[in-house]
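Protein chains in written order, with the working numbering: chain B, 0 to 287; chain X, 3 to 339; chain U, 11 to 270.
Rather than coming from a laboratory, the hints here were simulated on the basis of the structure. Nothing false has been slipped in among the hints.
Some chain X residues close to chain B (C-beta under 7 angstroms, calculated; not the full set):
#, residue
1, V144
2, K154
3, G300
4, C307
5, C308
6, L310
7, I311
Quick list of in silico lysine-lysine cross-link-like pairs, DSS-like style, CA-CA up to 27 angstroms:
#, chain 1, residue 1, chain 2, residue 2
8, U, K154, X, K208
9, X, K208, U, K110
10, X, K328, U, K154
11, X, K208, X, K328
Small disclaimer: the values here were computed from a predicted structure and weren't measured. Ideal Cβ positions, reconstructed from N, Cα and C, are used throughout, including at glycine.
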Amino acid sequence: MSLLIYGTVTSIILALYAVGFSLTYGISGLANFTHGALYILSGFIAWHLMNYLELPFLVAIPLTVLAAGFIGFLMYWTLLLRVRGIAVSELIVTFAAGVAILELLTWGGFYGTRYSLPVLFEEGIEISGVVIDGQRLLVIGTGVMLVILLYLFVHHTKIGLAFRGMAQDERTALSVGIESDWIGSLSLALGAALAAVAALVVLPLGMMEATVGYEVLIYALAVAIVGGLESTAGMVAASFILGFGQSAAARYIGPQWMTVVPLAAIVLVLAVRPSGLVGRFKELEERV
Amino acid sequence: MTSQVQLRKRRLDRGIKARTDSVFVIAAPNDLIYVLAPRVVPILFLMLLPLLLSGYEGKILVHACVIGLLAMSWDLLASCGLFSLGQSLFFGVGAYLAGTMNKYGGAPIWLTLPLATIGGGVLSAALLAPVVRLRGVYFAMVTLMLPLLFRKLIEAWGILGGTHGISSLSVFPSDWVAEYLAIIAFLGVLFGLRKLIESDYGLVLKAIRDDDRAVMSAGINIYSRKVQALFLAGAIASFAGAFMTHHFGFVGFSVFAWDYAILPVAATTLGGPGAFAGAALGSMILLPLSEFLRAMGGLRIAIYCCILIACVITLPEGLFSFLERKYHQFETVVEVK
Amino acid sequence: MSAETILKVEAIRKSFGGVLAIANVDFELKQGDFLGVIGPNGAGKTTLVNMISGFVKPDGGRILFKGKSIGGRQPYQIANLGLARTFQMVRLFYNLPAYKNLIIPLCSARVRRLRGGKFGERDDVAVDLLDEMGFERDSNVPYKAAGNLPHGYLKRLDLARALALRPELLIMDDLFSGMSMAEVASVLPLITRLSDQGLTVIMIEHRLRELFRVVDRVMVLNFGQKIAEGSPDQVMESEPVKKAYLGIDVEINGSERTDA
Numbered sequence: 000m001s002l003l004i005y006g007t008v009t010s011i012i013l014a015l016y017a018v019g020f021s022l023t024y025g026i027s028g029l030a031n032f033t034h035g036a037l038y039i040l041s042g043f044i045a046w047h048l049m050n051y052l053e054l055p056f057l058v059a060i061p062l063t064v065l066a067a068g069f070i071g072f073l074m075y076w077t078l079l080l081r082v083r084g085i086a087v088s089e090l091i092v093t094f095a096a097g098v099a100i101l102e103l104l105t106w107g108g109f110y111g112t113r114y115s116l117p118v119l120f121e122e123g124i125e126i127s128g129v130v131i132d133g134q135r136l137l138v139i140g141t142g143v144m145l146v147i148l149l150y151l152f153v154h155h156t157k158i159g160l161a162f163r164g165m166a167q168d169e170r171t172a173l174s175v176g177i178e179s180d181w182i183g184s185l186s187l188a189l190g191a192a193l194a195a196v197a198a199l200v201v202l203p204l205g206m207m208e209a210t211v212g213y214e215v216l217i218y219a220l221a222v223a224i225v226g227g228l229e230s231t232a233g234m235v236a237a238s239f240i241l242g243f244g245q246s247a248a249a250r251y252i253g254p255q256w257m258t259v260v261p262l263a264a265i266v267l268v269l270a271v272r273p274s275g276l277v278g279r280f281k282e283l284e285e286r287v
Numbered sequence: 003m004t005s006q007v008q009l010r011k012r013r014l015d016r017g018i019k020a021r022t023d024s025v026f027v028i029a030a031p032n033d034l035i036y037v038l039a040p041r042v043v044p045i046l047f048l049m050l051l052p053l054l055l056s057g058y059e060g061k062i063l064v065h066a067c068v069i070g071l072l073a074m075s076w077d078l079l080a081s082c083g084l085f086s087l088g089q090s091l092f093f094g095v096g097a098y099l100a101g102t103m104n105k106y107g108g109a110p111i112w113l114t115l116p117l118a119t120i121g122g123g124v125l126s127a128a129l130l131a132p133v134v135r136l137r138g139v140y141f142a143m144v145t146l147m148l149p150l151l152f153r154k155l156i157e158a159w160g161i162l163g164g165t166h167g168i169s170s171l172s173v174f175p176s177d178w179v180a181e182y183l184a185i186i187a188f189l190g191v192l193f194g195l196r197k198l199i200e201s202d203y204g205l206v207l208k209a210i211r212d213d214d215r216a217v218m219s220a221g222i223n224i225y226s227r228k229v230q231a232l233f234l235a236g237a238i239a240s241f242a243g244a245f246m247t248h249h250f251g252f253v254g255f256s257v258f259a260w261d262y263a264i265l266p267v268a269a270t271t272l273g274g275p276g277a278f279a280g281a282a283l284g285s286m287i288l289l290p291l292s293e294f295l296r297a298m299g300g301l302r303i304a305i306y307c308c309i310l311i312a313c314v315i316t317l318p319e320g321l322f323s324f325l326e327r328k329y330h331q332f333e334t335v336v337e338v339k
Numbered sequence: 011m012s013a014e015t016i017l018k019v020e021a022i023r024k025s026f027g028g029v030l031a032i033a034n035v036d037f038e039l040k041q042g043d044f045l046g047v048i049g050p051n052g053a054g055k056t057t058l059v060n061m062i063s064g065f066v067k068p069d070g071g072r073i074l075f076k077g078k079s080i081g082g083r084q085p086y087q088i089a090n091l092g093l094a095r096t097f098q099m100v101r102l103f104y105n106l107p108a109y110k111n112l113i114i115p116l117c118s119a120r121v122r123r124l125r126g127g128k129f130g131e132r133d134d135v136a137v138d139l140l141d142e143m144g145f146e147r148d149s150n151v152p153y154k155a156a157g158n159l160p161h162g163y164l165k166r167l168d169l170a171r172a173l174a175l176r177p178e179l180l181i182m183d184d185l186f187s188g189m190s191m192a193e194v195a196s197v198l199p200l201i202t203r204l205s206d207q208g209l210t211v212i213m214i215e216h217r218l219r220e221l222f223r224v225v226d227r228v229m230v231l232n233f234g235q236k237i238a239e240g241s242p243d244q245v246m247e248s249e250p251v252k253k254a255y256l257g258i259d260v261e262i263n264g265s266e267r268t269d270a
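Isolated chain B (complex conformation):
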């Protein structure tokens, strides 16, 4: 039973990691390798807002999300504009920017137990003998809500439709008056904001240090690749497969095997079934 519950929590955490990355990639075809760095940077910003400006956590949350979105937006116009459309240069730039942020944070002493974010809810509930604390419930709630909102946003709003237009054919979208750079930068901003949301609900559960950023990137990539990008259902399914895989590996083999699961999954899926487990024809064309 506890495997079921903690597996679910792990899976939803994975979905939270991946949701921003998948959104950005789905809209503008930009594989944002800065994602993990933005995640941990958000935690860093929130901590500083609370400890230097002494803002309450509930005020720091929206500010952090806005700040992260702004950083993503800025990153597009400063770093990515010149290399847009050259997939490999985009990759190198976002990857290097991510590593730079993380190493900078590490250098600035962003590790150890000094930093942590508070939990919002203390008291938990008990489900058939397993106590599940309030923060984990919040994680589940946020995860479910984000996935639903995202689905509605992309399918039923005007800007969401513009996003989907961009995702399908950039040139056609341009010709009907969708500004590709604005959409690109917005997609990055949105992805970064989602990374911040994930950080603010997940970080209170555990360690907050720069190296976590690398793991978040790996998890986000693993979910995106296993699930196939674009489809929300694939993303959710992949999160659960990886989440339960991880929980099972940690329980039955040993906790040090947890991070092996997503890495091995990425390599195996790309080698054996490049379209992802639920991916379709179109994505296969893109990857192969």
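Based on these hints, arrange chains X and U on the given structure of chain B.
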């Protein structure tokens, strides 16, 4: 103001490079110098350099050659459309192979170096052969993940020395041997790969990067060509890894460090991709620079990254292409009439 | 019949996301045949070529080339068996000098086998072939970067790239589109000569007048189905073909053509 003479720059290609790249008519000693200088000067310079350097500077030179080998290996893969973010994978494979053979098999250096080179090439090609079908970004992801995976596996299993690494391995008899071995390998790979990429074989590799479908319809098995390139690039990087193992007498997780993944890419983009000389030049510039940064610890990686981003954004053709063009052109200032 | 069957296509099918691109098309080619394939835009002509040359995997049916089943094989394997094609949108290496574009097929396993391991003069072979295609060897045209050449030259370069493979079956996808009359006139005799020398050719064309001058046989596709096959005159008389082209006044000797 109106009477001011307007000037413009006029550029002319040097006549000797006119139509063909292969046939020269050497008409004057000047032409001979012109043709040979770009080849002879760097060779002489590198060969004489160890005589002038102290022990510490010699180590930097060795390190620069090793990063240069990794950068050229990266460039070879990139020239057939395989973009790697994990040169540390090939490097680590060679390093661990040499370390294992030396420690557990008792093989001496003169045996481990060639064996690790060939073995590393085979292993790299075999590991990545299943994913050569993938397009750029996805291939890059796999190469990024594999070194991390290896690291985690070694850590989780505790094999190959686990977190402590394998120590007290054979080292080179003297610094001279190490320095000259590194320089000779560096120059050999540089000129060898330049020769290769100019040949028809290299032409096919570059064509695969530009349009793989057209190459397939011309009856070329692009997958086997890519695997061949992987073998070659893997062997070069594995040699670098094996070399470093014996240079330090130690092999451990440090081989999977970001330095070995990012520096080669940064060096190649700084120097300019596609001609190997760019990669070589870039590493000769970056490495000494990075030694100044060593004291800064983790910050140096951040600085490499910034250099890399700056190069990708502002210098898409790289330093070498710029220098090459300048070398092959006369530039005169003439009056605009 | 002395000539042997070189290509046999049996009931191949392909649909893209529910849209039927090719439905149960059969045809057969004998050594030395010259088949024209025509049809309105979207009739499935290019899909057919893509399936035969291995770029698209058929959903069903069989393709036999020289008696070997080639459905689902890789494009390079099919090319090495002796089946070459050109592309509707030319696919060339624009950074390379024109003649260097031909080095790539000359490096293929097939050409190496046919030439019996003679190496070293690939550049000469390439320039010779381009000379035949109307790139005069003594001008600087063969040595120019392909990206700097006009469209008609690019089309011919693409054809030369296919011919460099020394194919037994050549498939030309919309070769003449975008070529000037003079360029078409210069290429036509070359194609006729190749066909006379025994090369089997499939030619997909929109310019019917030029096509009918060279082909023996025409196959008409519409909405993925074969609606007629036979000599140019027979085909143009058949009812389904008239219906398919309704609204476009097609005469065999007329000046109309359905341009892409």
